[in-house]
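Protein sequence lines, in the order shown, are assigned to chains A and B.
The first sequence begins at 1 in this note's numbering and counts up one residue at a time.
The second sequence begins at 1 in this note's numbering and counts up one residue at a time.
Check before you lean on any hint, since a few could be wrong.
If the Cβ cut is set under 8 Å, some of the chain A residues that face chain B in the computed set are [said to hold, decoys possible]:
hint, residue
1, Lys5
2, Ser51
3, Leu53
4, Phe64
5, Trp68
6, Gln69
7, Arg142
8, Gly145
9, Ile148
10, Phe177
11, Trp191
12, Ser202
13, Pro203
14, Met206
15, Met211
16, Tyr232
Below 20 Å or equal to it, Euclidean Cα-Cα: the simulated EDC-like pairs (lysine to aspartate or glutamate) are [as the list claims (entries may be wrong)]:
hint, chain 1, residue 1, chain 2, residue 2
17, B, Lys189, A, Asp8
18, A, Lys189, B, Glu129
19, A, Lys108, A, Asp8
20, B, Lys276, A, Glu195
Derived by calculation from the structure, the hints in this document are not laboratory data.
None of the values given here were measured: they were computed from a predicted structure.
Don't be surprised by glycine CBs; every beta carbon is placed ideally from N, CA and C.
Protein chains: 2
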Amino acid sequence: MKVMKIPDALTGAIRQAESVLIVTHVSPDGDALGSSLALARALVAMGKRVSLLNKDPVPRIYRFLPGWQDVSAQLPDAAEGTEPDALILLDCGELERTGFGTLPGRVKLVVDHHLTERSYGDIRWVRPEMSSTGEMVYSLIRALGAEIDTETALCLYTAIFTDTGGFRYSSSTPSSFRAAADLVELGVKPWSVTENVYESISPARMKLMGMAINGMRFHGDVAVIVVTRDMYSETGTTDEDTENFANLARSVQGVEVAVFIRQTGPESFKVSMRSKGRVNVAAIAETIRGGGHHNAAGGKMDGTLAEVEERIVTALTNARCDSQS
Amino acid sequence: MKVMKIPDALTGAIRQAESVLIVTHVSPDGDALGSSLALARALVAMGKRVSLLNKDPVPRIYRFLPGWQDVSAQLPDAAEGTEPDALILLDCGELERTGFGTLPGRVKLVVDHHLTERSYGDIRWVRPEMSSTGEMVYSLIRALGAEIDTETALCLYTAIFTDTGGFRYSSSTPSSFRAAADLVELGVKPWSVTENVYESISPARMKLMGMAINGMRFHGDVAVIVVTRDMYSETGTTDEDTENFANLARSVQGVEVAVFIRQTGPESFKVSMRSKGRVNVAAIAETIRGGGHHNAAGGKMDGTLAEVEERIVTALTNARCDSQS
Chain A
1 MKVMKIPDAL
11 TGAIRQAESV
21 LIVTHVSPDG
31 DALGSSLALA
41 RALVAMGKRV
51 SLLNKDPVPR
61 IYRFLPGWQD
71 VSAQLPDAAE
81 GTEPDALILL
91 DCGELERTGF
101 GTLPGRVKLV
111 VDHHLTERSY
121 GDIRWVRPEM
131 SSTGEMVYSL
141 IRALGAEIDT
151 ETALCLYTAI
161 FTDTGGFRYS
171 SSTPSSFRAA
181 ADLVELGVKP
191 WSVTENVYES
201 ISPARMKLMG
211 MAINGMRFHG
221 DVAVIVVTRD
231 MYSETGTTDE
241 DTENFANLAR
251 SVQGVEVAVF
261 IRQTGPESFK
271 VSMRSKGRVN
281 VAAIAETIRG
291 GGHHNAAGGK
301 MDGTLAEVEE
311 RIVTALTNAR
321 CDSQS
Chain B
1 MKVMKIPDAL
11 TGAIRQAESV
21 LIVTHVSPDG
31 DALGSSLALA
41 RALVAMGKRV
51 SLLNKDPVPR
61 IYRFLPGWQD
71 VSAQLPDAAE
81 GTEPDALILL
91 DCGELERTGF
101 GTLPGRVKLV
111 VDHHLTERSY
121 GDIRWVRPEM
131 SSTGEMVYSL
141 IRALGAEIDT
151 ETALCLYTAI
161 FTDTGGFRYS
171 SSTPSSFRAA
181 ADLVELGVKP
191 WSVTENVYES
201 ISPARMKLMG
211 MAINGMRFHG
221 DVAVIVVTRD
231 MYSETGTTDE
241 DTENFANLAR
251 SVQGVEVAVF
261 IRQTGPESFK
271 VSMRSKGRVN
281 VAAIAETIRG
291 GGHHNAAGGK
301 MDGTLAEVEE
311 RIVTALTNAR
321 CDSQS
């Protein structure tokens, strides 16, 4: 594996710290949790005291990651007023994304692969070209010379695996594949990670998926998939069970934009859009109290379902015409 | 990448051959086609005359592979009676799997990662521990010193990608990840392969999938998913559109065995079984005019749908009791 250049100041600050607080972003995903847990294990193996903090609970599908129970929602030692030697923000580059107003730490470090304009922290290692924070943490742990046991490898693999969509997105770089090779060599079982992350669908969620697919409709190359509150109550599901529904609609041949509309109130809806590239859905999202990226964005709309659907489809169709003219 | 030991006799025979016939198995999959097309390109780049032969047409989803149109269903030059210097059987180790009764070739070579008891061929390179024939062909092309352009890399990547279930199965070995890293470096776009292989579902197939999911039922930890002839005609689909339906049922939390029953006649059905490991479905398959592996097997059953479902579920439930006693 090509060795990644890691700032000496970063490894130096981590080496010096005896106590470390690791914090990641709200609604933590596989990369946030996997890289946090891996770094925590490695630092503990180096003899440091480590605390893990997250505003939100660990989602059920990530509760196979070794050590997930150690992630606390409360600042440790807050009552005693002790400050950790180092704070490490992982997979996010600004305080706001952690959901905390302030965080203790004599030195504040940032390790992230997201592009941000903020400059929070004393030492920032931000590499948007990396597949995942997990891949960065893998390099960091190696640079620190800490042990990588099978459990640490599993956390790192899961981080890389989930952030590359299971090695499917364009973020699946040569170095992400090489890291995966190393981690499998260290004992990770790829099928077991797949099973935990992608093959543990609850029967209720599967039922909801079937209903949603059955109701899928097409307006030219715009596919619309809908989940109403009636569907939640009929299947015994919640909002959490609709993950990836927008991707389901996008995976249909000939679909350029997928729209996932889910009901949040009698006449209010959340709208998520996925584009295959030709339509900038972020621009549409801005008109519906939302935002996002060129290919993935969302917002909120009010009205009846029929009205909401008609308005968003029209907006997307017009956006196409604009970009073609 | 660790260099794989390739028999000198194999590389020697290929180097000597001026004309080569490449044949793979019936119902060719991504590995069969990807490795065949990659090897053909490499051999053409070495100045050889190459023909590609397959009993079955190239499935639609693989028609993004460069050169797929060159795969012929007819023996080339048969009328002239000329025999190629070398026949290479790829991704299968016996004549029977090709669907042809006899195949020409002054020397007959086999490159395969499936375990077979047959000993067809003059030189056999069979490595069941390899992820895919694609990975073997990648090593072979490197050993031959032939050029690997982006198109060849795309064929090899697709071969490895599809046979590891998109780097999800336990066959996702360190060396398969390292090969993927190299191939992405050579210009392969992982997302584009994903899109072609997994994200080009026809609207009709998606509709069938929704109907099948809606009808999914559970008997203890056995999940049953059914497709009837009525469902085909209602959605305008065929047997080809049911790929991976058994996996859909297996992906439900708590399911140990997934059964996919599809109707082939008024009272006749094909039955596919997928086990997560605790039940040997091959043993059940043998009782229903079929066969397979421990975790994936199938066969044929006659009767009404209700009868067939009851019999197979009972057999699977008893199999569990046997293995526990």
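Hints versus structure:
{"no.": "1", "hint": "Lys5", "verdict": "violated (19 Å)"}
{"no.": "2", "hint": "Ser51", "verdict": "violated (32 Å)"}
{"no.": "3", "hint": "Leu53", "verdict": "violated (29 Å)"}
{"no.": "4", "hint": "Phe64", "verdict": "violated (12 Å)"}
{"no.": "5", "hint": "Trp68", "verdict": "violated (18 Å)"}
{"no.": "6", "hint": "Gln69", "verdict": "violated (21 Å)"}
{"no.": "7", "hint": "Arg142", "verdict": "violated (16 Å)"}
{"no.": "8", "hint": "Gly145", "verdict": "violated (22 Å)"}
{"no.": "9", "hint": "Ile148", "verdict": "violated (14 Å)"}
{"no.": "10", "hint": "Phe177", "verdict": "holds (4 Å)"}
{"no.": "11", "hint": "Trp191", "verdict": "holds (4 Å)"}
{"no.": "12", "hint": "Ser202", "verdict": "holds (5 Å)"}
{"no.": "13", "hint": "Pro203", "verdict": "holds (6 Å)"}
{"no.": "14", "hint": "Met206", "verdict": "holds (5 Å)"}
{"no.": "15", "hint": "Met211", "verdict": "holds (7 Å)"}
{"no.": "16", "hint": "Tyr232", "verdict": "violated (16 Å)"}
{"no.": "17", "hint": "Lys189(B) x Asp8(A)", "verdict": "violated (33 Å)"}
{"no.": "18", "hint": "Lys189(A) x Glu129(B)", "verdict": "holds (15 Å)"}
{"no.": "19", "hint": "Lys108(A) x Asp8(A)", "verdict": "holds (15 Å)"}
{"no.": "20", "hint": "Lys276(B) x Glu195(A)", "verdict": "holds (10 Å)"}
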